[in-house]
Structure formats: C-alpha cells, structure tokens
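2 protein chains.
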Amino acid sequence: MKNDNIEDAAELAPRDIAARIARELAPDIVDVLNTQDAEEATEVMAALPRDKAVEVLDQPGLEHGPAIIEGLPRDVAAAILALMSLDRVVDIFHEIEEPVRQELTALLPPEARQSVKELLAYPEDSAGAIMTTEFVSVPSTWSIADVLHHIRMVERSRETVYAVYVMDPARNVLVQAVSLRRLVAGDPHASVLTAAPQRKPVSVRAAAPRSEAVRLISKYDLLAVPVVDGRGHILGIVTVDDVIDAMVERQTEEVQRFGGMEALDEPYTEISFWRMVQKRAGWLCALFFSEMLTASAMQGYENELAKAVVLTLFIPLIMSSGGNSGSQATSLLIRAIALQQVRLKDWWRVALRELPAGLVLGGILGVIGIVRIGTWQVMGIYDYGEHWRLLALTVGLALVGVVTFGSVAGSLLPFVLKRAGFDPAAASAPFVATLVDVTGLVIYFSVAALILRGTLL
Amino acid sequence: MKNDNIEDAAELAPRDIAARIARELAPDIVDVLNTQDAEEATEVMAALPRDKAVEVLDQPGLEHGPAIIEGLPRDVAAAILALMSLDRVVDIFHEIEEPVRQELTALLPPEARQSVKELLAYPEDSAGAIMTTEFVSVPSTWSIADVLHHIRMVERSRETVYAVYVMDPARNVLVQAVSLRRLVAGDPHASVLTAAPQRKPVSVRAAAPRSEAVRLISKYDLLAVPVVDGRGHILGIVTVDDVIDAMVERQTEEVQRFGGMEALDEPYTEISFWRMVQKRAGWLCALFFSEMLTASAMQGYENELAKAVVLTLFIPLIMSSGGNSGSQATSLLIRAIALQQVRLKDWWRVALRELPAGLVLGGILGVIGIVRIGTWQVMGIYDYGEHWRLLALTVGLALVGVVTFGSVAGSLLPFVLKRAGFDPAAASAPFVATLVDVTGLVIYFSVAALILRGTLL
Numbered sequence: 001m002k003n004d005n006i007e008d009a010a011e012l013a014p015r016d017i018a019a020r021i022a023r024e025l026a027p028d029i030v031d032v033l034n035t036q037d038a039e040e041a042t043e044v045m046a047a048l049p050r051d052k053a054v055e056v057l058d059q060p061g062l063e064h065g066p067a068i069i070e071g072l073p074r075d076v077a078a079a080i081l082a083l084m085s086l087d088r089v090v091d092i093f094h095e096i097e098e099p100v101r102q103e104l105t106a107l108l109p110p111e112a113r114q115s116v117k118e119l120l121a122y123p124e125d126s127a128g129a130i131m132t133t134e135f136v137s138v139p140s141t142w143s144i145a146d147v148l149h150h151i152r153m154v155e156r157s158r159e160t161v162y163a164v165y166v167m168d169p170a171r172n173v174l175v176q177a178v179s180l181r182r183l184v185a186g187d188p189h190a191s192v193l194t195a196a197p198q199r200k201p202v203s204v205r206a207a208a209p210r211s212e213a214v215r216l217i218s219k220y221d222l223l224a225v226p227v228v229d230g231r232g233h234i235l236g237i238v239t240v241d242d243v244i245d246a247m248v249e250r251q252t253e254e255v256q257r258f259g260g261m262e263a264l265d266e267p268y269t270e271i272s273f274w275r276m277v278q279k280r281a282g283w284l285c286a287l288f289f290s291e292m293l294t295a296s297a298m299q300g301y302e303n304e305l306a307k308a309v310v311l312t313l314f315i316p317l318i319m320s321s322g323g324n325s326g327s328q329a330t331s332l333l334i335r336a337i338a339l340q341q342v343r344l345k346d347w348w349r350v351a352l353r354e355l356p357a358g359l360v361l362g363g364i365l366g367v368i369g370i371v372r373i374g375t376w377q378v379m380g381i382y383d384y385g386e387h388w389r390l391l392a393l394t395v396g397l398a399l400v401g402v403v404t405f406g407s408v409a410g411s412l413l414p415f416v417l418k419r420a421g422f423d424p425a426a427a428s429a430p431f432v433a434t435l436v437d438v439t440g441l442v443i444y445f446s447v448a449a450l451i452l453r454g455t456l457l
Numbered sequence: 001m002k003n004d005n006i007e008d009a010a011e012l013a014p015r016d017i018a019a020r021i022a023r024e025l026a027p028d029i030v031d032v033l034n035t036q037d038a039e040e041a042t043e044v045m046a047a048l049p050r051d052k053a054v055e056v057l058d059q060p061g062l063e064h065g066p067a068i069i070e071g072l073p074r075d076v077a078a079a080i081l082a083l084m085s086l087d088r089v090v091d092i093f094h095e096i097e098e099p100v101r102q103e104l105t106a107l108l109p110p111e112a113r114q115s116v117k118e119l120l121a122y123p124e125d126s127a128g129a130i131m132t133t134e135f136v137s138v139p140s141t142w143s144i145a146d147v148l149h150h151i152r153m154v155e156r157s158r159e160t161v162y163a164v165y166v167m168d169p170a171r172n173v174l175v176q177a178v179s180l181r182r183l184v185a186g187d188p189h190a191s192v193l194t195a196a197p198q199r200k201p202v203s204v205r206a207a208a209p210r211s212e213a214v215r216l217i218s219k220y221d222l223l224a225v226p227v228v229d230g231r232g233h234i235l236g237i238v239t240v241d242d243v244i245d246a247m248v249e250r251q252t253e254e255v256q257r258f259g260g261m262e263a264l265d266e267p268y269t270e271i272s273f274w275r276m277v278q279k280r281a282g283w284l285c286a287l288f289f290s291e292m293l294t295a296s297a298m299q300g301y302e303n304e305l306a307k308a309v310v311l312t313l314f315i316p317l318i319m320s321s322g323g324n325s326g327s328q329a330t331s332l333l334i335r336a337i338a339l340q341q342v343r344l345k346d347w348w349r350v351a352l353r354e355l356p357a358g359l360v361l362g363g364i365l366g367v368i369g370i371v372r373i374g375t376w377q378v379m380g381i382y383d384y385g386e387h388w389r390l391l392a393l394t395v396g397l398a399l400v401g402v403v404t405f406g407s408v409a410g411s412l413l414p415f416v417l418k419r420a421g422f423d424p425a426a427a428s429a430p431f432v433a434t435l436v437d438v439t440g441l442v443i444y445f446s447v448a449a450l451i452l453r454g455t456l457l
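Residue numbers (this note's numbering), protein chains in the order written: chain A, 1 to 457; chain B, 1 to 457.
The set of hints was computed from the structure by calculation and includes no laboratory data. Ideal Cβ positions, reconstructed from N, Cα and C, are used throughout, including at glycine. Heads up, some of the hints might be wrong.
Said to hold, decoys possible - BS3-like cross-link-like pairs, simulated, lysine-lysine; straight-line CA separation at most 25 Å:
hint, chain 1, residue 1, chain 2, residue 2
1, A, Lys52, A, Lys279
2, A, Lys219, A, Lys200
3, B, Lys200, A, Lys52
4, A, Lys200, B, Lys219
5, B, Lys200, A, Lys219
6, A, Lys307, B, Lys307
7, A, Lys52, B, Lys219
8, B, Lys307, A, Lys219
Claimed, not checked - Here are some chain A residues the structure puts well away from chain B; computed CB gaps all over 10 Å:
hint, residue
9, Val54
10, Leu86
11, Glu97
12, Glu134
13, Asp241
14, Ser325
15, Ala357
16, Ile370
17, Gly374
18, Val378
19, Pro430
With these hints in hand, go ahead and build the complete structure from the sequences.
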C-alpha cells in the first residue's frame, strides 16, 4: 500500500494535498491526516470532494475527527454530518463539549437528530453507545423478492445489509435475523421466513456492556448483533467492524493497565508530554505510597538487619520472585475471567490449584537458591559466615513461602477486583507486586527468626 | 442463552445428551462438549445428527476437536471431514501427529486432500495457515446476473459469499474484489466490474504473518482479505471471523507473556497441572537466575551495608519504583509498536521523550520520598540518625535516577527485542524489572557513596 503521493504530502498546501490523496482509499487518507495537526487536517478535509470527506470522517481511526467537525464552516459540517454513519457521528459528538455539541446536533436532518440524541444518552461502555441505527428491518409478511427489492433501494444508506431483521408487524418485535446470502440463494416467491434459521436470533440489551456484544459476535461468528430493549424492539445493531475496533482499543487499554498506569486515550505518538506524565504519575505515586510499607516493614526488623547484614543480600531476589509468580498468576486469571472460562464463584477452585502450583514453583526456586549459596560458599566466591547452611535453608524456605503466597494472592486479586466492581485488568499486576513485596519481607524475616534464632539472630 | 437442557447435560448418557442438545446453536453445543473429557465428547459427537456434528466441529472454540476426529469411527470421520470447512480441517490436522494425520488426510475427497496438504505446509503463524480455499471467484467477463446465479449455486459450500473475487480470465490473476451488497444493488445486465470500487483490491501474501491479515481487515473494515502468491493468483481468503479468533488468541498470549510466562496453549481450566507448572517454571527460573545478579551486586556493597544499615530500609522502595516506571514504559511501547504508531527507526525519538518523562516522574517520587523521611524523623516516628537530611537526599536523588533509567530502558527494550526478531510482548515487562532491579541497586549505592562519604559511609 506504499504510495509516493501519500509519503510526500507533508510539505504541500492543503488544497494540493487534498487533490493528491482524493483518489486513495479512506483508511489511507486517514493515515495522511493523522500526521497533520488538527488545523491542517481540517483544511485538507474542506478541500476534499464531499463524498470522500464523508468516507474519511466515517473512519474510527481518524484522530482529529471532533476538531475537524468543529473547525469546518457550519454549512460544510452540516452537509457532511447528514451523510455520515450515525454511530460515527455519536462517537465524535461524545468528544465535543457543550454548547458546541448542541449547535452541531441542530445541523442534523430531523430524523437523525432524534437518533443521535438517543444514542448519546447511552453510557460510553455500553452496547447502545457503539450501535448504529442504520440497519435493514422488514415485516415477516414479506417475500424474499420484496426484501431483496427493499435492500436495493436502501443499500447506500445502511451500514450493513448482510443481516436483515424480520419483525412481527403487529407487535414490532424481532422474530428472526436473516442473512443476505440465504436470501440470495432462496426462492424469491417464498416468505422471508423460509430463509431464516430454525433458532431465535441472538441479541444484546442496549444497556449491556459492549464486551457482551463483542463476545456474542465472536462466539456465534456474526456480522452484526441486534441491540434490543426490554420488550424486544430493535434499537440498532453492532457490526463486526465496530467489534474489531472495540477489541483493538480494549487490548491497548488492558496492556497499559497491566503495565500499571491509567490507559491513554490517545496514541503514544499523539498525546502531549504533560498529559502522558499525568496519566503515569497517578498510578506511580499510588504504588509508591503502598511500597512505602516495605520501608515500614524493614524498620520493624532493624535489630535483625543490624545483627545479620548478610540477610539483606537476598531481599531483592526473594521479593522479585514473589512478584514474578504473582504476576504470572494474575495474567492467567485476568484472561480466564475475561474469556468466561472461570466464574466468580470458582475462586476457591483456583485457590486450590494455585496453592500446590505455588509450592512446586517455590520449591524449584528454593532448591536453586540453596544450591547457589552453597556453591558460592564452597567454591570460596563469597563467605556467608559460619552459619551459611542455616542461611541457605532460610532463603530456600522463604522462597517457597513467598512464591506460594504470590501465586495464591495473584490469582485471587482479579476475583476481588471484579467482585468489587472494578475491571480485573486494572493494575492487578502492580498491586499484586506491592502486596507480595510487603508480605514477602514479613515471610522472609519470620522464617529467619525461626531458623536463625540463637545463631545469627 | 441460558438453557436447562444444557445445564443438566453432565449426568446423562452420551446418546441422551446428544438428543437434548441437537437443536441448540453450534457454539452452545461447544460450551457443553468443552465441559466433558475427550472420550465423552467423542461419543456425544457420534450420536449427533451428521450436519450438526459438522457445524460443531467447524467451531474454533471446540477444545477436543483433534481427539474427537481421531476417536470417531473412520467412516464417520470421513463423512464429517468431507463437509467441514477446509481451514478448520487444517487447524485440527495441525494438532494431529503422523501417521494418523496421513491416514485421515487419505479419507478426504480428492480435491480437498490437495488443498489441505498445501495449507498444512504454511507456517502456523502465517496468513496462509488461517486462510480457507472456499471462496467465490468469477471471470471479469461475467455479468452481475451471471455472478448472482453462480453464488446461488455454490453458496452452501463457501465460507463467505459476501466478497467475490474477479479474475482476469487470461492470466488468472486477481483484478477486483466485489461485495455482494453492490452486486445485489447493481444492474443485472451490466458487467461485474461495474459493481467494483475504483481501487485495486487489498490483498496479503500467503507467507506474511497473520497479524498482517488482521491489520488489513481491521484497517479497511473488510469481511475477508484475499491471500495471493507472488504473481497475483488467489490462494485463499482470510475471513473476519478468523481474524476475531486470531485477535482473542493473540490477546491472551500477549497478556500471559507480559505476565512473565510462556503462553498456555490451552485454557487455564483445561490445562493439566504439571503442564501449567512447566509453562510457568521456565520463565520463573530464567528471571530468578537474572535476579541473582542483585545478590551479587549487594555483595559488592557489603561494607556500605554493614556501616549504614539504614540504607537497606529503602532498597525495596527504590527497586520497585524503577520496576513500575519501566513496566509503564514497556506497556506503552509494546502497544505503540504493535499498532505501528512507531517504527523501529523512531527509537531515538522515544528515548528523547522518555528521558524527560522519567526525570519528571522520578522528581515527583523523589520529593515524596524526601518528605516521607523528613516527616517520620521530625514527628519522631522513626529515627534515621543524625545524618537523616543526607539520607533523604540520597533516597530522593536515587529515585530520580532509577525512575529515569526505568523509563528509558523500559521504552527501548521492546525495540531491541523486535530488532532481534523476537515478539516485543514476550516477557519484556519482567525483563525490564530484572534489568532495573540490578541497575537500581548500583544507582542507589553510587548516589549514597557520593553523598554520604565521610558521614555515614
């Protein structure tokens, strides 16, 4: 897809850039506009042919969408908004502040105005917020030929025509979803219902989280899922490309939260320096405050530390092993919960599995730790003192305890967060690390007190 | 989708289970079979109506697919395999060992046998490996009516008919991709090319990584992308539901690798205890061996530690702050690289951004650390000795150094891994933690040596 027209665009006047890129595919035009600032992008957009501008603004990858709509002359904006898909208009309006949002809403054609107002009312993470109201629905009394004729008429104005929703004409509720491929293959004179499968259609409630729409489309291999209210009326549909966009966004958020920060709402390359620092500083400070407990814990062991300095040598090793095992368990359970492989009430099954897993993993590390200390001592690389055997035993047993605690705590924290109504992916991993660091110190010094009392301590 | 037929299935005989669930949707039958072991699932499958068994085996979510195909009587397996979609057959055959695989391949109809052999030859992570050869292609000389007639004939045997590939009849190369919606809306007597867009179709090479197919489908909102060889011949297509499955799988792998372990190839609830321990032990040991360097580093500072035990109190706090800032930077860059927002050659831009970001973030934590020590000292909560001001300064400056190093190292490691041909998501985070732990100790003790020389040290 490399293209010289696109590569050189940066140095030209907006009108020339528009002329150069006007024949590219909309997603490729988006790539060019995303390298420009909002003002330039707006000028290029104004110079693009109207239908191309609509296509480009319909792309969810466009970064300055809201700024462009705000920046265009109102009459141009009105003409473009009237042709855009409604779910994108809603996406963009979500990011525009009042009173400008109201002013722009007034520019929409009357029927779209009402839909957009309703769509804007859904919470941002709900299925309702990513649905479009531009779908094809037909009464169940129509023949296949009627439906195909209707599709030919409305095809241009609908986000997808591959799923057609068949309604009970009396009660106006969804009775079936029919695919265009079955319609094309069917007998034109037969009822539209002959092309339907034998099962009730899959649907999602408007207030459900959008992850539920993602799950249904992914599980049942759908091209769209209808969004319904409590009485079975269709409010809109969520299409497979909305789902893919939602998945990409969600994946980025999940990785960033797992990395211990608030998810950025803009790409790394676009976000301003101070905004990025702000997003990172919050969590970093929160974790720093929790980690201060390690200093307090250590202060509690100052006598032991003064008597046996050799104990301090292994503090980082023991703490990090606990953190690593906790991080493994957390990452496993975050995904298992997200994919609905385990349910909340299964937490004790998980605990019963992580307990022996932690003991085995801790045992392996413990043996390696003991061998390490023994080898250094015997080969004369370092002298851990006359009680080196007891020290090795202390480190080994502490590793078993810390890794076991890390595995169990790391596996259960996602359940606790989910239960408390939080996203399990949100900073589980760094939380576990902090929890395990503090507890790891306590475990280490308790084991030391037990084994080394009367010798080193 | 809750259903009592499904919930109670566990206690019944295979034949009764099959009778109960036969009318459910295939993905829901998969949910039931996944709660059973391979042997039971095979018996239920054998008792299902033939067409339902085909639909169920076509679901990528089915966990015992390979075991079921191996376990069924050969004549039943042959009948089912003949009707399954080829990309799923290939998926399943990938997990069956020779010589059974060859034996099963021989059961396929001759034309499918050849396709499966070719598909099996593509590397598992390539676009070729997830493509299907069941697509619709037509010569560019046909009219729209010809194409629609052809679709009616072949609809049942194609994975998708929503994208139709138009070939140059002389050279047999791809000239256009046409959507079914444009065909349905078009003039039946016009050439198929009148329904085509004005641009060359998007395509992907068979040897390209499957992430490239995912990227193209997601960027251009396609329902399928054609897979071509070097001369433009279509080998197959990758459909949007293959892409969604690939994304879910990839997301799980990414989170697990980020958590510092080898990605599990089975769900958490399905994998055997020892196999899970094995997948976790490898990385845990590797990280443990690297973390041993912290013990060696500490041994190098044994004199300082003996003289100023108070320094040890802040070791966990300083190390974890470096680790957290590194983990933030890594998670940001892993996603930015995956989404192609930054390229390999941009590494120095990133470094130039992370350096000031690290200084600011480290400065914030440093000030908090200094205030913490000062408060404890002045309020009499803990006595850090007469040189507490210098100690506070040491901790503050060390935090600036460690957090800055963590941010820069954490942001650059994904580039290094990518450059070296590894997946940047693979254990970047725990690697950074280890690197930052060891370096953090060195930074801390160097700052201490500088500031505390002549007083505490």
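Open item on the list: Output the indices of the hints that this structure fails to meet, ascending.
Closed with: 1, 4, 5, 8, 13, 14, 15, 19
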